[in-house]
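Peer 1: Sequence lines, in order, name chains A and B. So for the first sequence, full-length UniProt numbering puts the first residue at 1; every next one is plus one. So for the second sequence, full-length UniProt numbering puts the first residue at 1; every next one is plus one.
Since the hints were derived computationally from the structure, they do not count as laboratory data. Check the hints yourself; a few may be wrong.
Claimed, not checked - Under the rule of at most 35 Å between Cα atoms (straight-line distance), these lysine-lysine pairs were calculated in the DSBU-like manner:
| no. | chain 1 | residue 1 | chain 2 | residue 2 |
| --- | --- | --- | --- | --- |
| 1 | A | Lys29 | A | Lys98 |
| 2 | A | Lys29 | B | Lys125 |
| 3 | B | Lys112 | B | Lys126 |
| 4 | B | Lys112 | A | Lys98 |
| 5 | B | Lys126 | A | Lys98 |
| 6 | A | Lys29 | B | Lys132 |
| 7 | B | Lys268 | A | Lys98 |
| 8 | B | Lys132 | B | Lys112 |
| 9 | B | Lys268 | A | Lys29 |
| 10 | B | Lys132 | A | Lys98 |
| 11 | A | Lys98 | B | Lys125 |
| 12 | B | Lys125 | B | Lys112 |
As the list claims (entries may be wrong) - Covered by chain B, according to a simulated footprint, are these stretches of chain A (three or more residues, beta-carbon under 8 Å):
| no. | region |
| --- | --- |
| 13 | 17 to 26 |
| 14 | 116 to 130 |
For each residue, glycine too, the CB sits at the ideal point set by N, CA and C.
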Amino acid sequence: MSTDTATGSGETTAPSSSINLESVRAVAKKDFQDAVRSWMFWGLSVFFFVLLVAVTGTISYFGEEIAQQGATTEALVLFVSQITRLVIPLIALILGWKAIAGERETGSIKILLSLPHSRKDVLLGKLLGRSAVLSVSLIVGFALAAVVVAALLGSFDIVDYVALLVMAIIYGLAYTSIAVALSSITRSTTIAGAAMFGVFILFYIVWNAIQTVFQLLMNRGTIDGVSYTQEVPAADGTTQQMTMERLPDWVLFINTIDPGNAFQNAITVLSSSGSSELGTSFPEVWFANGVPFYLENWFSFIILLLWIVVPMAIALYRFDRVDL
Amino acid sequence: MPAISVDTLTKSYGQTLALSDLSFEVEEGEVFGFLGPNGAGKSTTINVLLDFIRPTAGHVDVLELDAQTHSREIRSRTGVLPEGVETYDRLTARQHLEFAIDSKGADDDPEKLLERVGLHDAIDKKAGGYSKGMSQRLMLAMALVGEPELLILDEPSTGLDPNGAREMREIVREESARGATVFFSSHIMEQVEAVCDRVGILRDGEMVAIDTVAGLRDSVGGGTSLRVTVDRIDDDALQAVRSLPDVGSATVEGQTPPTLIVQVDGSKTAVLSTLEDHGIEVQDFATREASLEDVFQSYTTDTGTGVEAR
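Just chain A, same shape as in the assembly (with noise of 0.2 Å):
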């Protein structure tokens, strides 16, 4: 009866399964009903919320030569970006850490797979289901807040504050990525959370550190920096040309990597909101002949979308290898 016969009785397959976009739908649902009815997504709706509201309302009752210039919206993209930068990660890590790990534990996700889903279906289903929780609540929180900022602010930018909601579900996504993957690693959530914790800690603490290192070996010689010219105001009024040294271009490049970077510098991009105080921002002078394509800001949208691929094919192929 069987059509394909195996090459060896003692060889264990390893199938890969089938992707099936109804399935997908199905498990993103069932996912983000669970999640809605918990506190969880009104509580992080609120908080969007009120982080708006409180920022802009700081704006307007301390920035008064901010609201002369007309420049509130791009304040308030500072701002919140900033804050934003830090809290999105710390929401996907804590809504994604148990995506997989803990249907493993409780086992339902025999549940899941009892029925017609297969294993990509179900990492699939759960990164959008999770993502939709963060998205969702981002939009609701936007949304309710937009009426209280345009009042708030004199000079109310859409683009600016539409610019940051889409950056922050895309980087919500990108951390969603990185949490569901390194739940599907595992079958305990006590590792998955040290897992979570070590992603967080990797890049609050340790990324920051890399560039430190590189200036220091830099300063050592141990690696080759870059000199380049920048005209210097001189005390006597004049200017006077000053050759100084920069890190090379592929360690800024390992900077721009960290998805928290990545999500300031797009955000310039769409945003009128000034570049230099976003995310890296390197120096026009850095550069005598153009800056490389992968330091330039548009760069980042490609490096958040491998931040949300990457970790996903990863997980899609091992998770269809392991015993559950």
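Put chain B on the given structure of chain A with help from the hints.
Peer 2: What follows is chain B alone, placed relative to chain A:
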């Protein structure tokens, strides 16, 4: 045409052998009881059928499809009640069923399904507040979604009171009458004998017996279980009893004083006189009809080894 065909299936976890060269078939339309003590490998077998785990060696076909490469199609035509599983706390029974119906592309009515399993009252309550028995009923209802050709029920009576277990068996009969094949595992013989066409007994990852319920009863002497309390017992005496033509099996239960359980199909006095011939004093004895539980016991507990230990 077999609904399930397991061929020389082996599953090992490192040094531990969970299943060893297991082979059996479940015919289409039959109710098959998969019996064995806890840890015998029942859930491991079911996990392979559903592609939750991959075999170390061997081959499994379900509904004439390869269990590994065609798992999605198999599961779309199968209803499963998994074992040791928690339902989703924050979802109601209705939402659980809607998810199953949605997933299978079926058009069942959640209310009717829940009525069938006796959970209609709790339809809009969150499963987080359910008792173990209610969760079990909910998962049975989920297994029934879409009139599956095959039902795989892993320890379905877990957490059910006797009444619930009876209702569960009633549903198994109804599903069987509809034409479904039912494969269900249990560690309690009583659960399967009333409803199963055939029973397979698993022990330490190997199938030690597979027969109809009547056939199993016959295989262990078919007759009486003799319980003899003696002052002492030794190997020679036990062997002598076992070698009697009418004796199906003889086991020692307890040590102070030792009690012999002998399955005998004929003369009981022969057993007693053999013991006395070996200088063993019979203190008490009783007889009773062999139950299927005895059959199960005789297949799944060690026979004889208890004596050598003395």
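Peer 1: The structure should be examined with respect to each hint, and the outcome stated for every one.
Peer 2: So, going through the hints one by one against the coordinates:
{"no.": "1", "hint": "Lys29(A) - Lys98(A)", "verdict": "17 Å, holds"}
{"no.": "2", "hint": "Lys29(A) - Lys125(B)", "verdict": "19 Å, holds"}
{"no.": "3", "hint": "Lys112(B) - Lys126(B)", "verdict": "18 Å, holds"}
{"no.": "4", "hint": "Lys112(B) - Lys98(A)", "verdict": "33 Å, holds"}
{"no.": "5", "hint": "Lys126(B) - Lys98(A)", "verdict": "20 Å, holds"}
{"no.": "6", "hint": "Lys29(A) - Lys132(B)", "verdict": "26 Å, holds"}
{"no.": "7", "hint": "Lys268(B) - Lys98(A)", "verdict": "62 Å, violated"}
{"no.": "8", "hint": "Lys132(B) - Lys112(B)", "verdict": "21 Å, holds"}
{"no.": "9", "hint": "Lys268(B) - Lys29(A)", "verdict": "67 Å, violated"}
{"no.": "10", "hint": "Lys132(B) - Lys98(A)", "verdict": "23 Å, holds"}
{"no.": "11", "hint": "Lys98(A) - Lys125(B)", "verdict": "24 Å, holds"}
{"no.": "12", "hint": "Lys125(B) - Lys112(B)", "verdict": "16 Å, holds"}
{"no.": "13", "hint": "17 to 26", "verdict": "holds (count 6)"}
{"no.": "14", "hint": "116 to 130", "verdict": "holds (count 3)"}
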